[in-house]
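**Student:** Protein chains in written order, with our numbering: chain D, 82 to 331; chain L, 82 to 331.
Just to be clear, a hint being listed does not mean it is correct.
What the hints assert, rightly or not - A few chain L residues that face chain D, going by a derived Cβ cut-off under 8 Å, partial list only:
1. D92
2. C197
3. F204
4. M206
5. A298
6. A299
It is worth saying that the hints were derived from the structure and are not from the lab. Don't be surprised by glycine CBs; every beta carbon is placed ideally from N, CA and C.
2 protein chains.
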Amino acid sequence: MRTIKLVVAYDGSCYHGFQKQKDYDTIQSILEEKLALLCGEPVVIAGSGRTDAGVHALAQTVTFKTKGRIPCNNIVRASRSLLPRDIVVVSAAEVPEGFHARFSACWKIYQYRVLCTNTPNPFRMRYTWQQPVPLKLQEMNAAAALLLGTHDFSAFRSSGSVDSSPIKTIYEAGWHQEEAELVFRIAGDGFLYHMVRNIVWSLVQVGLGRRTREDFAAELRAKRCEFLNEPAPAEGLYLEEVCYKPYPER
Amino acid sequence: MRTIKLVVAYDGSCYHGFQKQKDYDTIQSILEEKLALLCGEPVVIAGSGRTDAGVHALAQTVTFKTKGRIPCNNIVRASRSLLPRDIVVVSAAEVPEGFHARFSACWKIYQYRVLCTNTPNPFRMRYTWQQPVPLKLQEMNAAAALLLGTHDFSAFRSSGSVDSSPIKTIYEAGWHQEEAELVFRIAGDGFLYHMVRNIVWSLVQVGLGRRTREDFAAELRAKRCEFLNEPAPAEGLYLEEVCYKPYPER
Chain D
82 MRTIKLVVAY DGSCYHGFQK QKDYDTIQSI LEEKLALLCG EPVVIAGSGR TDAGVHALAQ
142 TVTFKTKGRI PCNNIVRASR SLLPRDIVVV SAAEVPEGFH ARFSACWKIY QYRVLCTNTP
202 NPFRMRYTWQ QPVPLKLQEM NAAAALLLGT HDFSAFRSSG SVDSSPIKTI YEAGWHQEEA
262 ELVFRIAGDG FLYHMVRNIV WSLVQVGLGR RTREDFAAEL RAKRCEFLNE PAPAEGLYLE
322 EVCYKPYPER
Chain L
82 MRTIKLVVAY DGSCYHGFQK QKDYDTIQSI LEEKLALLCG EPVVIAGSGR TDAGVHALAQ
142 TVTFKTKGRI PCNNIVRASR SLLPRDIVVV SAAEVPEGFH ARFSACWKIY QYRVLCTNTP
202 NPFRMRYTWQ QPVPLKLQEM NAAAALLLGT HDFSAFRSSG SVDSSPIKTI YEAGWHQEEA
262 ELVFRIAGDG FLYHMVRNIV WSLVQVGLGR RTREDFAAEL RAKRCEFLNE PAPAEGLYLE
322 EVCYKPYPER
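Build the full structure now, drawing on both the sequences and the hints.
**Tutor:** Have a look at this one:
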């Protein structure tokens, strides 16, 4: 039995999320269907984690086991013609038995993109959260800095999930400008259900001047068991990278 | 009767082109349906020209007549909540009676975007033509320069259209790099059916080294009545601007 690791990029716009669901197109169901053709046997993949409907991935990781002998390079090449154009296998590699996309992951990076524009941009509607007014970047970054380190993130968890522990360590969290868009980048050893989108929603309130850094601090410390507002929309969120070595000391 | 001119941006990915068609969502049918709600009466719009299925517009122009009294600013604002997010009214203005989106237009600018990348980019599949190898920009520009001036463009017309005259004047035509993408920009007083996409297909052959500038020159001069190959894919093409004053002398 070989264990294969794929790095997969996808535009999540047209899918009901990563995880397999009856009667719906999901990233997992399509990957399993096409990989089965390549491997000549049924394939069950494990992802590094789920992404919700509409959420994108620049580099999702999946692993699967196969008795098939197809070389990894051929998986990449052949997948191009089998997969729809919004799912791309970026790389494939054989990994040691026991390596698992989810359980072997040490930390992950997500990014969230906000476009501040008075006139909505139809070409970015699937890829950003559009705000009609400018956001205060400095204020958002002052609040985002409070996320660094190890905290109980229960107040930023949406209900409906069964996560093991709400205690997570955040290594990086901050906003920067990329041309017209504001990009929030957050790295951590784990994320609760909707945690990034809920954090973004709250940080954007700070950016709009509706809340202060202190409000954000109080929300983070609040001993609530779930987030009280709507998460920021799925379409702005990207799983950027899944890392399999401990976060480097700086 | 007032005559209103709208500038409209749209992502053409999910539409069967601009022109109204029975049983299909088109830009025209959706605009007419929503404008009728705003104006309180049936509305028939004229576009500056058709765009095919999958083709985008940064600034399509449409005009319509109405007895309704809704102020132009309100059309822009109210259309935000009525229209799907991939069709955006950028501006609205009252224009003199007799002004017509199509017949009053003097020249137009199109752009076509090509992304050269070994690994396909799922996020640009609706917005670029992706090529797995680099294209020779200089060679493409040397060939594109041949388009300038007044020519019979019959050899770059696809069959299935009834255009008045194949003689068109091209004011600008050239490629430039915008980050990872190559952008072809062409300005002219008129364009035949599929003309821009057919020109792009031939220029990309030059960029790939499969044809020379001389081959392109011969194709332009050929007294054919239609293009012999497939047009470049619709998703790379954008109607960039419609101009209502003569092309400025330089």
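**Student:** Look at each hint and say if it fits the structure.
**Tutor:** Do the hints match the structure? See the list:
The interface hint given for D92 (chain L) holds, since its Cβ lies 4 Å from the closest Cβ of chain D, which is under the 8 Å cut-off. Checking C197 (chain L) against chain D by beta carbon gives a least distance of about 15 Å; that is not within 8 Å, so the hint is violated. Interface hint status for F204 (chain L): upheld, as the beta-carbon distance to the closest one in chain D is roughly 5 Å, under 8 Å. Hint status for M206 (chain L) relative to chain D: holds, with the closest Cβ pair at about 4 Å, below 8 Å.
At a threshold of 8 Å, the smallest CB-CB gap from A298 (chain L) to chain D is about 34 Å, leaving the interface hint violated. Because the closest C-beta pair between A299 (chain L) and chain D is about 34 Å apart, greater than 8 Å, the hint is violated.
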